[in-house]
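*Asks:* Chains as they are written, first to last, in the working numbering: chain A, 1 to 286; chain B, 287 to 572.
You can trust all of the hints, since none of them are fake.
What follows is a list of derived Cβ distance ranges for each label pair:
id, chain 1, residue 1, chain 2, residue 2, range
1, B, D351, A, N183, 54 to 62 Å
2, A, G75, B, A300, 23 to 31 Å
3, B, S402, A, D280, 19 to 27 Å
Lysine-lysine pairs mimicking DSS-like chemistry, simulated, CA-CA at most 30 Å apart:
id, chain 1, residue 1, chain 2, residue 2
4, B, K459, B, K560
5, A, K176, B, K466
6, B, K492, A, K99
7, A, K176, A, K99
8, A, K218, B, K459
9, B, K492, B, K560
10, B, K293, A, K176
11, A, K218, B, K531
12, A, K218, B, K492
To give a feel for the contact side, a few chain A residues facing chain B, derived at Cβ under 8 Å:
id, residue
13, F15
14, R94
15, V120
16, I214
17, M217
18, Q239
Hints were generated in silico from the structure; no laboratory data involved. Values in this document were obtained by computation on a predicted structure and should not be read as measured data. We treat Cβ as the ideally placed atom computed from N, Cα and C, and that holds for glycine.
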Amino acid sequence: MKKRLSAKKPHTFFFLLPSLLGVALFFVLPFGMVLYYSLVNRPVNGEFVGLQNFKSLLQNRAFLLGAKNTTILIGLSVPLAVLLPLRLALWLERAIPMKSHLRTAFLSPMLVPVASVILVWQVLFHQNGTLNAYLGTRLNWFHSPWSILMVLLLFLWKNVGYHTILFTAALAAIPKAYIDMANLDGAGRSRQFFAIKLHFLAPTIFFVVLMSLIASMKLFREVWLLTGSYPYETLYLLQHFMNNTYRAMDYQKLSAAALLLAVVMGAGISVLLGVESRLDRDTENE
Amino acid sequence: MKKQRLKDGCLWLALVILAILFVLPTVLTVVNSFLSAAEIERSYGAALGSGGYMKERIILKLVPDIVTGEQYKTFLLQSPEYLQKFWNSVLYTVPITVLQTLISALAAYGFCRKPSRLRRTIFFGYLVLTLMPYQVTLVPNYLGSKWLKTYDTIWAILLPGIFSPFAVFLLTKYMQRIPKAYLEAAQLDGANEWQIFRRIFLPQCKSALFAVGMLIFFDYWNMVEQPMVLLESEDLQPLSLYLSKINQGELGLAFAAAAIYMIPCLLLFANGEKHLEEGIVTGGVK
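Excised from the complex, chain A in its bound form (with noise of 0.2 Å):
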């Protein structure tokens, strides 16, 4: 099939053209900068310093705390973000009415920008706060560890009904003659879903842990909103030690703190890449 279509060369370079020379000059250009300030120890004039600034970078107490809780966080978030959906997807494979709207009610978070909503979750966890109202206590749910699950809550929120969707398709696409088979068989729910669903499941569950993680990664964007600049040490993420390093114009550990970040997310999408990858073959070998 490919001999075919590339017996007449496609002249395609020019589709590419733009983006091309967009990627180059406003992020692969730059980030050549961004080696270069890594590397040396005054933004003018620099000398070439080796991996001073990465080795003061880790020993930096503010740069360690964000890494620790951004990781902490992606830690919580992932597994969540992946699990919760597909029991619902899970759930919603039955016959139960009412299905499409019920998807959409999942899904609607989804359009809703997350500064609107933040009014809303202030007043839920405040000290005086709703929640605490319903459940009889007085935790005060910003300056405590339980902020997280706040946060958590938010995160869940938003990004349950997407992959919510993607689990369900990749459900809907499972052959139904191996589910007829098994149903004939008497194997029941569980053993249907670790037996046969599971592995065509793989590739998107894959997919999905890839989408948490870069959404995980986001989530300072939830943290800023509810708590600002300041929030409980708990709280404090990567993104506001980046924050406060642009506002102090210090190029070099910025420029290291992004390379060493580039290559520790580069390397695990890489792996998780090559799973899905290999995944893939296998389901199509079938």
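Starting from the known structure of chain A, fit chain B onto it as the hints suggest.
*Replies:* Just chain B now, kept in the frame of chain A:
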């Protein structure tokens, strides 16, 4: 059998309650936008404004004492700065949505028409760049904007937005699924590349274009990190960033501002939910 139906009924009820909880924050925001400024101050002053310690519990209002358009009137007629911020949001989001979709569609065509080794490598680079968090990409954007002298102008936001590779991945995935037969038929008729792109590929991925456009719109309508880092002047800020200031200051207006801020997204969602679902699914399920 009977027991099963009862169980499904309970499940359905639980799902409906969950769905209501998902919609509730949005509904509460809209309902509260019809409260009078005095009622808001009275009800939420302690939680949101400067109001001091309050013994009373603050419960979110689902039914206002008096329904009034007072907040909207203030927003639209007496506070030009909010309207200006709203206009700023439009000014950033609309060009970025339209141009990023267009440039990405061109690039996607280039990637899927001639999947050479070089292009596949570049495509992988695009994917990794798409998945990088703001903590990484904003640093080159920031350094680049200083270098191109666009820092603290609308171009600092517009240019990286327009050329962001985000949409390329989804559109390429979608275009790869367009049946080869269409393409071959067009080639037999002597169509050139531009004609194939314009008359076959674009109409074929209409709903993907729509979905991608919506995702871009939601993302930039919501932006917080970019204007925070790349803009200094308050005049240039989009409403997403400015809303949090209203929240702290003029409480009587906050809910209406939040509700008005939602409107463009609501309209888009109402008109394009089907496209959105289809587009989401394309990215995750092959």
